Amino acid sequence: NAGVTQTPKFRILKIGQSMTLQCTQDMNHNYMYWYRQDPGMGLKLIYYSVGAGITDKGEVPNGYNVSRSTTEDFPLRLELAAPSQTSVYFCASSPHRATETMNTEAFFGQGTRLTVV
Amino acid sequence: QKEVEQNSGPLSVPEGAIASLNCTYSDRVSQSFFWYRQYSGKSPELIMSIYSNGDKEDGRFTAQLNKASQYVSLLIRDSQPSDSATYLCAFRQAGGTSYGKLTFGQGTILTVHP
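Taken in order, these protein sequences are the chains called A and B. Sequential numbering of the first sequence, starting at 1, is according to the working numbering. Sequential numbering of the second sequence, starting at 1001, is according to the working numbering.
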């Protein structure tokens, strides 16, 4: 049981380049989230999804796109990278309802540290 | 108004003292509330979840929820240097157009000094 897996762990992009941050979870969670965290700050929600085929914008969606074609995968696409997108990106997933053995807390991946130069 | 606000830090307490962390939220349909701890360079990890009004205790940690006042807090008793980290509160919306949205506060840095 790997939990939430993010790839890559580190990446340097040049201004104007594009890339996809991968996120996959093996816990059959309905909910998935993408956050960015700037130094000394909290987590800002970029996009989230409550199930396959459903995505919604968070607080800071500009410059990003997502898709949710399967329950397991929730990739984040950066188009035309800008220095303002330099940040640490976290993907998370959670169940949509509690069970006897599981609450509804979010589980996080290890993060992707992205630098745009 | 921000959706969630935490008491400003950083917060410094001596070892063995009680650390008190506070959080207010604006959404009245929120149903699930969480406290996460994040060490520098690491991912957030769950400390406590709370869903009903009142207190919930787990070891040295106590979460308190008051939905009428839209307020959730975390008390850490007998604080240890290993508790030094950033603490993040979060809530999940249970209805409306933002169903399932999980929002975090800006975090409070806690330092426990020997």
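Hints listed in this document are in silico derivations from the structure and should not be mistaken for laboratory results. As the structure is a prediction and not an experimental result, all values here were calculated from the model. Just to be clear, a hint being listed does not mean it is correct.
Stated by the list, open to error - Some, not all, of what chain A presents toward chain B, calculated at C-beta under 10 angstroms:
hint, residue
1, Val4
2, Thr7
3, Glu105
4, Thr115
In this text, a Cβ means the ideal position worked out from N, Cα and C, and glycines have one as well.
Any CB of chain B closer than 10 angstroms to the CB of glutamate 105 of chain A? holds, 5 angstroms
With a cut-off of 10 angstroms on the beta carbons, see whether threonine 115 of chain A makes it to chain B.
With Cβ-Cβ at 15 angstroms, over 10 angstroms, it is violated.
- Are valine 4 of chain A and chain B close enough, Cβ to Cβ, to be under 10 angstroms, as the hint says? holds, 9 angstroms
Interface hint for threonine 7 of chain A, Cβ within 10 angstroms of any Cβ on chain B:
Check failed: Cβ of threonine 7 of chain A comes no nearer than 14 angstroms to chain B, outside 10 angstroms.
Going down the numbered hints, you'll see the structure goes against 2, 4, while the others check out.
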